[in-house]
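Going down the list, the sequences are from chains R and F. Heads up, the first sequence is in this note's numbering, so the first residue is 1 and it goes up one at a time. Heads up, the second sequence is in this note's numbering, so the first residue is 1001 and it goes up one at a time.
Because the hints were derived from the structure by calculation, they are not lab data. Everything hinted at is true.
Some chain F residues judged to face chain R by a derived CB distance under 7 Å, without partners named: (1) R1030; (2) I1031; (3) L1040; (4) Y1043; (5) S1044; (6) L1045.
Cβ atoms here follow ideal geometry from the backbone N, Cα and C, with glycine treated the same way.
Each chain is listed here by its residues.
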Amino acid sequence: MDGSVQMSGNKTLFEFPTSRIGSAPRRLKQIWAVGGGKGGVGKSLLSSSLALALSRSGHKTLAIDLDLGGANLHTTLGVELPRQTLNDFFAERVNHLSSCITSTSFPNLEIISGAQDTVTIANLNDEKKLRFLDSVRDLDVDYIIFDLGAGTSGHTLDFFLFSDVNIVTMLPEPTSIENGYRFLKSAYFRRLLVNKKLAPIHDLIELATDSKNVQGVRSPADLFKLVSRQKPEMAAQLKAEIERFRPKLVMNQVRTHADIEIGSSVKTVCKKYFGIDIDYLGYLDYDSTVWQAIRRKRPVLLEFPQSKLVGNVNRLIDQLLRSHGEQKSSLL
Amino acid sequence: MIFGSDQTYYDLLEVSSDASAQEIKNSYLRIKAAYRKDNLALYSLHEASESSDILERIEEAYQVLHDAEKRRDYDARHAFTAPIERDEIVSIDRVPPMDTSDESDLLNPPTTDFEAPERNVAVHAPEQTSAFATSNLSELNAGTQNSKSIAADTTVATTPSASTSDEGSQETEWTGSAIRKIRETKRYSLDDISTQTRISKTYLQAIEDEAFDKLPAPVFVRGFIIQYAKFLKIPHDAAAQYYMARFKKAV
Ligand SMILES: Nc1ncnc2c1ncn2[C@@H]1O[C@H](COP(=O)(O)OP(=O)(O)OP(=O)(O)O)[C@@H](O)[C@H]1O
Ligand SMILES: [Mg+2]
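Make the full structure from the sequences, and use the hints.
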């Protein structure tokens, strides 16, 4: 594997696996990750729906449940808890990640179920994580969807960042918006921190990740100002790295037109206050069929084909595929 | 945008400089709504108390840009360009973010400005979305980048008049590529220059490439060269004279 964990001073830094030059061509086209900070904002609903829709349009798709400890993606897709899960991979009971793949009753759609075992999760370290990220790229599928857990733990952020399309879900509710911002900012700083090119300003980035820092660095924009003052020669590089990250926003459970517009406002506000550019990808209507489908342990898209969600999800998929779906992943 | 001190009215309204009147209006209304005190999107942002300040600037920008005549004036003063072809962006709010017209540039690390002529064929969509595209790329290019920065350093010695003095610069050949070398030596990206001088990047690029057919009337170009040269602290009169002579000969 080519990802590595290194010691730098007293801090552990690691690098994501990078392109392997000269390795055999892979089938994988892209990895999409769905995160959002808060629990219950529809990450699993969105991941499973995107995965299902992709598989139904003929792409071999794999949904991976990366909600450490709270794995339930299989339920959303109507699969019994599989025998082999990520537990087995992380606990090194299986050699190949592919052994953890479970088929579903839907053509072209497979899943890897999440790790539930608390001991395994507690022992998950950067090395195992990197082994996972490295292996993921060899799986024989077209698209991989990561369903992430709540919160902003380092592991969750890393899974989020190791993807071609970074999707954040929010609800039109204060707490979700607050957590969504926190998630975005954390992901941002994490992304800068693992970037080797920014090594000369690691200390400043680390400082920024401490939300109570006395320098008052609260956002990428603040960090940029600080770096411009203290290490001006790095400012242009930092700016370029900041601007290169474009997470996508999906508003979930919208009930009114005003709810939809909150997404636009979030975009505007993110840019102004944090210097973060996001693309507002679209929304999912609130739909009471969702819980009915969950009760029946069936994907809502199939159980209620008349649901507004079907149109919502298709629009999101269209957008994503049209803009860059056919592009080769940069992670390969 | 947020990283530069100078935001143009177009930046403020999050539209590109070729936006239609309707686009400008839509965006203005959208942004105004975003800063309404009761907007959920402001929740938890303590900095949001500044929002009245932002609203004032938005208002000022709109007063100019929604008035065709004032807008024309403003454009002329700030050398905004005619419409440029844009990439499609992934967004349901039809208003593109302010920097879409320059998407392909944004995606290039500053160092790739060196390969300016290839800029338009550079990848756009994939990089926009992939967090690690550039770090991977840069690893592949690590070798080349090193040699580039060495090259940039040596230009300090070899390029004409990298110093700010006017002496002896009469004979200097102020070609587009000479100007580019100075800029690169000083480690400015075209974006930086564009933000500071408010000359559109398309024109700056054309100046450096000597893509004369892409430049407007000589009288404007002369102004651009002077502005650009002043910013780079090179003798602006000499530069303008030399460059304009080439320009006129070619046209
Ligand atoms: N668009 C929607 N319409 C109606 N109900 C929804 C919608 N989206 C989500 N829900 C409800 O919210 C609950 C949480 O959704 P989901 O499990 O997808 O969220 P999550 O972000 O994955 O949560 P966790 O962080 O716990 O993994 C679901 O049980 C579902 O009933
Ligand atoms: Mg979930």
